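These protein sequence lines are chains A and P, in that order.
Residues in the first sequence are numbered from -12 upward in steps of one, following the numbering used here.
Residues in the second sequence are numbered from 1332 upward in steps of one, following the numbering used here.
Derived by calculation from the structure, the hints in this document are not laboratory data.
Each hint should be verified, as a subset may be incorrect.
Calculated lysine-lysine pairs in the DSS-like style (CA-CA distance at most 25 Å, straight line) [what the hints assert, rightly or not]:
1) A:Lys55 / A:Lys66
2) P:Lys1628 / A:Lys132
3) P:Lys1542 / P:Lys1477
4) A:Lys132 / A:Lys(-8)
5) P:Lys1575 / A:Lys51
6) P:Lys1478 / P:Lys1575
7) P:Lys1477 / P:Lys1628
8) P:Lys1542 / P:Lys1404
9) A:Lys51 / A:Lys66
10) P:Lys1628 / P:Lys1478
11) P:Lys1629 / A:Lys132
12) P:Lys1442 / A:Lys132
If we take Cβ atoms under 7 Å as the criterion, some of the chain P residues that face chain A in the derived model are [stated by the list, open to error]:
13) Pro1473
14) Ala1476
15) Gly1524
16) Gly1526
17) Thr1528
18) Gln1531
Since we're looking at a predicted model, the values are computed, not measured.
For glycine and all other residues, C-beta sits at the position ideal for the given N, C-alpha and C.
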Amino acid sequence: MSDNKDKIVVDHMDLFYGDFQALKDINLRMPEHEITAFIGPSGCGKSTLLKSLNRMNDLVEGCKITGKIEIDGQDIYDKKVDVNQLRKQVGMVFQQPNPFDMSIYDNVAYGPRIHGIKNRSALDEIVERSLRGAGLWDEVKDRLKRNAVGVSGGQQQRICIARALAVEPDILLMDEPTSALDPISTSAIEDLAMELKENYTIVIVTHNMQQAVRISDRTAFFYLGEMVEYAPTDELFATPKNPKTEEYITGRFG
Amino acid sequence: MTNKAASRQRKEKACKTLVMLCGLLIIALVIVIALFLVVNGSGTFIQYHHSVFEFLFSSDWDPSDTPGVGGGKVGALIYIVGTIYTCALALLIAVPFSLAAAIFLSEISPKFGARFLQPAIEIFVGIPSVVYGWVGMTVLVPFIAKKFHAPMGGYSVLAAGIVLAIMIMPTITTLSADALRSLPPRCKMGALGMGATRWQAIYTVQVPMAKSGVITGVILGLSRALGETLAVAMVIGKTRAFPKGILYPTNNLTAAIAADMGNTANGSEYNLALWSMALLLLILSLICIALIHLTLKKKKEY
């Protein structure tokens, strides 16, 4: 395992939706420049935990968190933290590609613009860099003015990744980013994720265990709101310590 | 057993026929009314040999009221301008307020909105237009007279525009709020996930994405404003002159028809000129409906 320093630390974290406890005493350290995968059956809390890392759960009424989540040593639920700055630092890619109803260029330039960059040539540069980063530049450079809603699902998802990269985050959260895509687009996104970890720390939620094996450095298995096991991916899949983990990864439930 | 089945089938058939007849009746009624308007409304141009150009672009209005005798003047421009002027002003006032109310309803405070604002808006729709006109006459008109020293005691384009704006706000608000609510949450999440503030997400992503619904609401509101008669007639001042500004009185198509239709001889030039104005209103609302269909057709699926 690498000796990269811990980027994200989850410390004794509980999460409640009203009276329902969705996450129970989660403890997790995710190192820099690695891909961490969250796996587990539907409703196990893996997406909930992911959305806690950029405070998207704040938008859910009745959501309450105790314990701590630190990014670069800073408690992100501290009152002094600016949520909008946090979400700029912690980008997110969603399950369904969700490009905005505007041109490809405007989609990618969206983040920089809302954070105050107006200069045209600076924006041009960011758009090109981000689209290159998402491996999409050569495919779309001649049709940046085309509406992003009109391109294929796989391209839409890569536009969304480019859009997330454009605000220069350090962390990318991916919530089942390939579950709505065909196999070819899926493998393009997976290759991309492995390139991106050079510069970013990536956390990915996936239903697809092969995907976790293919791309992640570490895997956390969740079940009924608890983190059952967390280990380097090879270890977790080769020699699971917990019988529940073994049952899940061998396909006996889920 | 077979008897029962046969009687059931007869009933089924009778119901089907009845429903179909009702549907056909509605279609027939629409066609008949439209034909009636076309036949009567074209009399000005066919029977009395006026040009469409004169009707639309001249302001000389002096039609003859003796059946069979033409030679008067049928320039309806003042009424047309009055209609456009009051409707445009109404939209100018109503659209920003309605959009704000729609955002409040769908985004800012859905619970409070559903409990208080939505019922209030529904009540608005149910108020008869004579009430709007009367309130306008007793509250708004004197207010405008006092505040702005308007001529004609406050009867004005402004009064008509405000009354119309209040009448069309519920339509625009309801349709815009529905459009905003029907957007999948992932669009909003995408913006918020980039670090956009709630307000930035609303005006840079959500409102633009809901624009076809908003436009539909605006056009529906506009067609209501075009056709509204009583409330406008009560506050517009019914003066046959171009308004020199929003504080001046004028007249519009609907108010002129309503005021004069009973006083003209059937088939006279005057009478048919009023029918032409009615036909013009029908054409305007058909254009509105066509625009709505065009907007909805262009609507994308997200």
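Right, here's what the structure says about each hint:
1. For the hint linking A:Lys55 to A:Lys66, the alpha-carbon distance of about 13 Å falls within 25 Å, and the restraint holds.
2. For the hint linking P:Lys1628 to A:Lys132, the alpha-carbon distance of about 22 Å falls within 25 Å, and the restraint holds.
3. Taking the CA atoms of P:Lys1542 and P:Lys1477, the gap is about 39 Å. The hint is violated against a cut of 25 Å.
4. A threshold of 25 Å between alpha carbons decides the hint, and for A:Lys132 with A:Lys(-8) the separation of about 41 Å lies outside it, so the pair is violated.
5. For the hint pairing P:Lys1575 with A:Lys51, the CA-to-CA distance comes to about 62 Å; that exceeds 25 Å, so the pair is violated.
6. Among the hinted pairs, P:Lys1478 with P:Lys1575 is consistent with the structure: their alpha-carbon atoms are about 18 Å apart, no more than 25 Å.
7. For the hint linking P:Lys1477 to P:Lys1628, the alpha-carbon distance of about 48 Å lies beyond 25 Å, and the restraint is violated.
8. For the suggested pair P:Lys1542 and P:Lys1404, the alpha carbons sit about 43 Å apart, so the restraint of at most 25 Å is broken.
9. Of the pairs offered as hints, the one joining A:Lys51 and A:Lys66 holds, with about 14 Å between alpha carbons and a cut-off of 25 Å not exceeded.
10. For the hint linking P:Lys1628 to P:Lys1478, the alpha-carbon distance of about 46 Å lies beyond 25 Å, and the restraint is violated.
11. This hinted pair checks out: P:Lys1629 and A:Lys132 have alpha carbons roughly 18 Å apart, not beyond 25 Å.
12. Of the pairs offered as hints, the one joining P:Lys1442 and A:Lys132 is violated, with about 39 Å between alpha carbons and a cut-off of 25 Å exceeded.
13. Hint on P:Pro1473 is violated. Least Cβ distance to chain A is approximately 47 Å, over the 7 Å limit.
14. The interface hint given for P:Ala1476 is broken, as the beta carbon of that residue sits about 47 Å from the closest beta carbon of chain A, more than 7 Å.
15. Taking 7 Å as the C-beta cut-off, the interface hint given for P:Gly1524 holds, the closest approach to chain A being about 4 Å.
16. Look at P:Gly1526: its Cβ gets to within about 4 Å of chain A, closer than 7 Å, so that hint holds up.
17. For the restraint placing P:Thr1528 at the interface with chain A, the shortest Cβ-Cβ distance is roughly 6 Å, inside the 7 Å limit, so the hint holds.
18. A distance limit of 7 Å between C-beta atoms decides the matter here; for P:Gln1531 the minimum to chain A is near 5 Å, and the interface restraint holds.
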